[in-house]
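K.L.:
Next come the chains, spelled out residue by residue.
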Amino acid sequence: MDENVISLDRVSKQYRDVRALDEVSLAVPRAQRVALIGHNGAGKSTLIKLMLGLIRPTGGKVVVLGAEATGAGFIEARRAIGFLPESIVFPDGMTGVEVLDFYARLKRQPVSKNAGLFERVGLAQAARRRVGTYSKGMRQRLGLAQALIGHPRLLLLDEPTSGLDPSLRKEVYGIIGELARNGATVLLSSHALAEIEPEVDRVVALIRGRKVADGTMVGLRQASAALARIQVRLPEGCELPDAALVCAASHERRGDGVTEIRCRESEKLPILRRLLAEPSALADVEVIPATLEDIYAGILRREEAR
Amino acid sequence: MIRSVWIIAVREMRDGFRNRRVVASTLLLAALALTLSLIGSAPVGELGASRLSVAVVSLSSLTTFLIPLIALIIAHDAIAGEFDRGTMLLLLSYPVRRWQIIAGKFLGHVGILTIAIIIGYGLAALAMGLTAAPQESASRLAFLNLLGTSVMLAAAFLALGYCVSVVAQSQRAAAGAAIGIWLFFVILYDIALLGLLVVDDGRMVTVGLFNLLLLANPADIYRMLNLAGLPDIGRLSGMAGIARDVTLSPAALAGALLAWICVPLLFASVAFSRRQV
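Taken in sequence, the protein lines are chains A and B.
Here the first sequence is numbered in my numbering, starting from 1 and rising by one per residue.
Here the second sequence is numbered in my numbering, starting from 1 and rising by one per residue.
Because the hints were derived from the structure by calculation, they are not lab data.
Think of the CB as a built atom: it goes at the ideal place given N, C-alpha and C, for glycine as much as any other residue.
Watch out, some of these pointers could steer you wrong.
[As the list claims (entries may be wrong)] To give a feel for the contact side, a few chain A residues facing chain B, derived at Cβ under 8 angstroms:
#1 R79
#2 S87
#3 I88
#4 V89
#5 G93
#6 V97
#7 L234
#8 C238
#9 L269
#10 R273
#11 A297
#12 L300
#13 R301
#14 E304
#15 R306
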């Protein structure tokens, strides 16, 4: 028995002349929030379609919620999956309530619980209006409400925050966090690297159908060549001793009296230790870890060099 | 299993009412039917064949053109359009089988068109019933026959529409193919057939082959069922000459029309199951 919610074993997908996925393996345990990052066409949507059993892999095996995604029994497993496709357009003539009722019935869930879902995504006021009158953000929220029908154990969200304003994005991540705390597994794809960084437990990067990175933010930083930044403010007239800067990749004295030291993640602590040991008291130290964008840019460079 | 089909069928019907499809089709059918039946009865005069019979002739000619067009307009968008809008991917992620989606949409669309046909032609019949003398039962039967076969004709072209909608890569491509299907079956096929008969002059085209050629077009089957079915009506329409040669029983014709519904529907289901999403 596989206890992972998602388990991909060397999965490949070949379209006519395009290799959309190349031997991707992935195991996602319960209640984890995973971000799938990569360019357009990197294979994110293909991966999600495979997990939904919408397409067959050309190689490897896809097991989701304990059932093989291409198997006959997977239809029933879909009842426990919530999916939000990218850029969805619901029929204009239907009201929000009608749209959600339709999807709840298909999942054999009582429509009486839909009012709570509208509440949750902040659409309660507009639920009885026609979808045609909705703004883009409201449509996206309706899409999210649809994905939440029936307390899914797995949520697959394709660009869940595209078209949403910042406060709404926060709300969406709030909902995702709450679901994960209640035991649901969430896999979301995104381009907004800065935005997802604090909101997920794990990041998986795809480039041209290959998995090129997989880990927690801390783990990715350790493995990455991306540099952390240490910003040091010195009292007036003091200079940073060269000894403190051994192993630093670079340093730069900025106009405002701050010296920025760039270093590999593994050198961060040794440099900090030396800095703090300096007798000339530091006025301030700030450590800025490499961001997901930095790490991803590093991965891209590495892949292009191959 | 059946519940999913029903849920989708109800959604399609509701959607049809919402986007005025039902209202538009009904009004179009009713307006044209009324016009045709009122004008069409004038040359016959009071002593000619029953007015309802005349109405059946003109209505069935109208139906052969209009119903396939309306059915194809609705059906060509059913799968390809939903893929374009992104809702098909979502629907497929639900616990629904692909044949259930086709079956549900088919039931919903047949429902929409049945309502449009019954109300549209019913209004025309009512209007005539009010102005005409009591009808003979044969005419009434012909009218019921007209309603039933019109629904079947609609169903056949809906099924053909799903075929192009499933195979097409976009809604636009599906629309083009649907127009092609309409042109072929409704306009070009009969012209080609008549041309063949004139040129051939009874040498190659035997009665058997001619019957087969008629069965190869659902619109012709429909015409045969309505125009050649009753002697009175057969004489009223230009089909009388041809109808003499048709040796097929109404049951065989109805069976063939049913096959024109089931086979494309089956093809659409299988092709949909194999379609890459």
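K.L.:
Evaluate each hint against the coordinates.
P.N.:
Outcome of the hint check:
no., hint, in the structure
1, R79, "5 angstroms, holds"
2, S87, "6 angstroms, holds"
3, I88, "4 angstroms, holds"
4, V89, "4 angstroms, holds"
5, G93, "3 angstroms, holds"
6, V97, "12 angstroms, violated"
7, L234, "56 angstroms, violated"
8, C238, "60 angstroms, violated"
9, L269, "46 angstroms, violated"
10, R273, "52 angstroms, violated"
11, A297, "31 angstroms, violated"
12, L300, "28 angstroms, violated"
13, R301, "34 angstroms, violated"
14, E304, "30 angstroms, violated"
15, R306, "30 angstroms, violated"
Of the numbered hints stated above, those contradicted by the structure are hints 6, 7, 8, 9, 10, 11, 12, 13, 14 and 15, listed in ascending order.
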